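Undergrad: Residues per chain are reported as follows:
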Amino acid sequence: GDSVTQMEGPVTLSEEAFLTINCTYTATGYPSLFWYVQYPGEGLQLLLKATKADDKGSNKGFEATYRKETTSFHLEKGSVQVSDSAVYFCALDSGGGADGLTFGKGTHLIIQP
Amino acid sequence: GAVVSQHPSWVICKSGTSVKIECRSLDFQATTMFWYRQFPKQSLMLMATSNEGSKATYEQGVEKDKFLINHASLTLSTLTVTSAHPEDSSFYICSARGGGRVAEAFFGQGTRLTVV
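As they're listed, the protein sequences go chains A and B.
Taking the numbering used here, the leading residue of the first sequence gets 1147, the next gets one more, and so forth.
Taking the numbering used here, the leading residue of the second sequence gets 3, the next gets one more, and so forth.
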């Protein structure tokens, strides 16, 4: 079955540091890939997505590129802020939207001033 | 983005009682709703998928008689945990999406259920 593996946290960085959160997947066919963010006390929000190989999703300074050859969708940001502290989930959809998403375990990111 | 409201945000109930969790799409019609369960430091696990007006499709290992899902309208789905036990204590999250092939799914804020 489908699965998503992402680095486990917590990941602690200083403000303005470079961020990478690794995500790899196994899936049948050609899934769509997502990064969701969950701020304390809130629901999951879509951060960015990519629907086909070599697509780059970007939002709020975050980027991730759909790499089919390495089955990866690593999340990056050049300069993190304290407000980026949250839990980040990598997810995939191999059912064309009809089925639920398959999530990774989430990575807790802590940014220190 | 669209708003999905989940209620209550937390609930404590006695063992053997039933608890109902509501999930509402506030500004769009949700043709499909999903219910997830999240254990501490684990990923969200899909429990069931429901389409408006039809029976929910449960994932393998999820007891349909214990977790009753109703999706009676395009804006409301409910999850009822029947005869709750301490092992049912968890974080339950709903998600809703409208029509279209790759329509985005929006998430509720989750419900923390504690069974004592």
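Simulated from the structure, these hints should not be mistaken for laboratory data.
Among these hints, one or two may not hold up.
[As the list claims (entries may be wrong)] To be clear about the criterion: a stretch of chain B counts as covered by chain A if any three or more of its residues have a C-beta under 8 Å from a C-beta of chain A, and this derived list gives those stretches:
1) 19-30
2) 84-90
[Unchecked claim] Simulated pairs of lysine-lysine, BS3-like, Cα-Cα distance not exceeding 30 Å:
3) A:K1223 with B:K43
4) A:K1251 with A:K1202
5) B:K68 with B:K57
6) A:K1206 with A:K1195
7) A:K1251 with B:K66
8) B:K22 with B:K43
9) A:K1214 with B:K22
10) B:K16 with B:K68
11) A:K1251 with B:K43
12) B:K57 with A:K1251
13) B:K68 with B:K43
14) B:K66 with B:K16
15) B:K16 with B:K43
16) B:K22 with B:K68
17) A:K1251 with B:K22
18) B:K57 with B:K22
19) B:K16 with B:K57
20) A:K1251 with A:K1195
21) A:K1251 with A:K1214
22) A:K1223 with A:K1198
23) B:K43 with A:K1195
24) A:K1206 with A:K1223
25) B:K57 with A:K1206
26) B:K43 with A:K1202
27) A:K1198 with A:K1214
28) A:K1251 with A:K1206
29) A:K1214 with A:K1195
30) A:K1251 with B:K68
31) A:K1223 with A:K1202
32) B:K66 with B:K22
Only a predicted model underlies this, so the values are computations on that prediction, with no experimental measurement involved.
Glycine residues also receive a C-beta, built at the ideal position from the N, C-alpha and C atoms.
Undergrad: Please go over all the hints and tell whether each is borne out by the structure.
TA: To see whether the hints hold, each was checked on the structure:
1. 19-30: This one is violated; 0 residues, fewer than the three required, reach chain A with a Cβ under 8 Å.
2. 84-90: That given contact is violated, which follows from only 0 residues of the segment 84-90 of chain B lying within Cβ reach (below 8 Å) of chain A.
3. A:K1223 with B:K43: holds, 24 Å
4. A:K1251 with A:K1202: Satisfied, since the Cα-Cα distance of roughly 22 Å is no more than 30 Å.
5. B:K68 with B:K57: Holds - the C-alpha atoms of K57 (chain B) and K68 (chain B) are around 15 Å apart, at most 30 Å.
6. A:K1206 with A:K1195: Roughly 13 Å between the alpha carbons, so the hint for K1206 (chain A) and K1195 (chain A) holds.
7. A:K1251 with B:K66: holds, 25 Å
8. B:K22 with B:K43: holds, 24 Å
9. A:K1214 with B:K22: Status violated; Cα separation ~42 Å.
10. B:K16 with B:K68: Holds, at roughly 16 Å.
11. A:K1251 with B:K43: Holds, at about 7 Å.
12. B:K57 with A:K1251: holds, 29 Å
13. B:K68 with B:K43: Holds - the C-alpha atoms of K43 (chain B) and K68 (chain B) are around 24 Å apart, at most 30 Å.
14. B:K66 with B:K16: Between K66 (chain B) and K16 (chain B) the Cα gap is close to 21 Å, so the pair holds against 30 Å.
15. B:K16 with B:K43: holds, 25 Å
16. B:K22 with B:K68: holds, 12 Å
17. A:K1251 with B:K22: holds, 26 Å
18. B:K57 with B:K22: holds, 17 Å
19. B:K16 with B:K57: holds, 28 Å
20. A:K1251 with A:K1195: holds, 18 Å
21. A:K1251 with A:K1214: holds, 21 Å
22. A:K1223 with A:K1198: With a Cα-Cα distance of about 21 Å, the restraint between K1223 (chain A) and K1198 (chain A) holds, given a limit of 30 Å.
23. B:K43 with A:K1195: holds, 23 Å
24. A:K1206 with A:K1223: Judged against 30 Å, a Cα distance of about 9 Å means the pair holds.
25. B:K57 with A:K1206: violated, 39 Å
26. B:K43 with A:K1202: holds, 28 Å
27. A:K1198 with A:K1214: holds, 8 Å
28. A:K1251 with A:K1206: holds, 22 Å
29. A:K1214 with A:K1195: holds, 14 Å
30. A:K1251 with B:K68: Between K1251 (chain A) and K68 (chain B) the Cα gap is close to 25 Å, so the pair holds against 30 Å.
31. A:K1223 with A:K1202: Holds, because 13 Å separates the two Cα atoms, which is no more than 30 Å.
32. B:K66 with B:K22: Judged against 30 Å, a Cα distance of about 14 Å means the pair holds.
Taken one by one, the earlier hints fail for this structure at numbers 1, 2, 9, 25, listed in ascending order.
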